[in-house]
Amino acid sequence: MNLTPNSATGRQRIGGCPEGFDARYLARIASEAAVPVLHIARDDGRLSAMRAALRFFAPELPVLEFPAWDCLPYDRISPNPEIAARRMATLAALADGLDHPAAILTTVNAVTQRLLTRRVIRDSSFTARVGKRLDLSELREWLARMGFQQVPTVTEPGEYAVRGGLVDLFPPGAGRPVRLDLFGDVLEGARRFDPASQRTTETVKRIELAPVSEVILDPPAIERFRTRYRAAFGAAGNQDPLYEAVSAGRTYQGAEHWLPFFHEKLETLFDYLPDAPVLLDERVEAVREARWAALSEQYDARIAALDSRAQFGTVYKPVAPDQLYLDGAAWN
309 MNLTPNSATG RQRIGGCPEG FDARYLARIA SEAAVPVLHI ARDDGRLSAM RAALRFFAPE
369 LPVLEFPAWD CLPYDRISPN PEIAARRMAT LAALADGLDH PAAILTTVNA VTQRLLTRRV
429 IRDSSFTARV GKRLDLSELR EWLARMGFQQ VPTVTEPGEY AVRGGLVDLF PPGAGRPVRL
489 DLFGDVLEGA RRFDPASQRT TETVKRIELA PVSEVILDPP AIERFRTRYR AAFGAAGNQD
549 PLYEAVSAGR TYQGAEHWLP FFHEKLETLF DYLPDAPVLL DERVEAVREA RWAALSEQYD
609 ARIAALDSRA QFGTVYKPVA PDQLYLDGAA WN
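In the numbering used here, the protein residues as written are 309 to 640.
No wet-lab data here; the hints were simulated from the structure. It is possible that some hints are incorrect.
[Said to hold, decoys possible] The following label-pair restraints were derived from C-beta to C-beta distances:
(1) D443 x R534: 26 to 34 Å
(2) A598 x R336: 41 to 49 Å
(3) A553 x D615: 33 to 41 Å
(4) R471 x G318: 55 to 63 Å
Glycine included, every Cβ here is placed at the ideal spot set by N, Cα and C.
Sequences are here, hints too, so could you generate the full structure?
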């Protein structure tokens, strides 16, 4: 093993290691420093390998994953709801603060994307307690604003269903959906259940909910989007379905790609973990540079299509790459 320290930057470069050594090294750092450690893998495959190695070398170490969106930049679709829910669950846990050893696993694609601030995550939470008042209309409004989808039967994270005084909802990161039993405007009971068998797996006294989407459609966010969208692209007419949908407070497929327009400011995963040691997978820098080059190409392609919209009928108006992603200077 070769260890090359840099006293000026506090960085260390380790080479000549057998496969899996990075997991053992991460676990040692987390244990000795008694803090979370952020590991940045170059892709999803490497993240999975790190997760498996940690199960072997440090089975007691808590592990949180922060995956990247599973859609292309400047796409017309949103991230998969399960991916979005996993991201929001991890951000909610980090926003509350971790004061114990843990491994936070992510990828280059995920960590180079700007995120909701910790304050927004904390302010957007919803708590309900058994025996306390719970306004059903207020809960339904919150679920809609936070990106939950109403369905007949709850099966996936980010879904909810209402049947009289029963509310089934699947919070991000919970593992199981929860059923709320209301008597009038009082929460009489709450239990987690298996969505396949409908059998109760656990009774609970308190439910804490986090947003399931990174786009939060409350009135300030809608007005902020409208103002910034017009400032960036000029007046939006009735030929712009994104602008129309957001203005009406409706969810819109792919709206996450305009995330900077919805929020006062954005942060990064590094802001959520300001004191965490950062462990970089091999070839991370090369992957990051390739990622930025691809982002720039996709942005240029959207701009070219926008200029030709009279011919092709497109109204896709892309956000500048550095507003949503970290360029080289921001990364450094």
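Checklist entry - So the hint says 33 to 41 Å: do the beta-carbon atoms of A553 and D615 match that? => result Once the Cβ atoms are compared, 24 Å apart, the range 33 to 41 Å for D615 and A553 is violated.
Item to check | A598 paired with R336, Cβ distance criterion 41 to 49 Å | outcome: 31 Å Cβ-Cβ, so the 41 to 49 Å window is violated.
Checklist entry - Is it true that D443 and R534 lie within 26 to 34 Å of each other by Cβ? => result holds, 29 Å
Checklist entry - Between R471 and G318, does the beta-carbon spacing fit 55 to 63 Å? => result With Cβ atoms ~56 Å apart, the hint holds.
Violated hints, listed in ascending order, are 2 and 3; each of the other numbered hints is respected by the structure.
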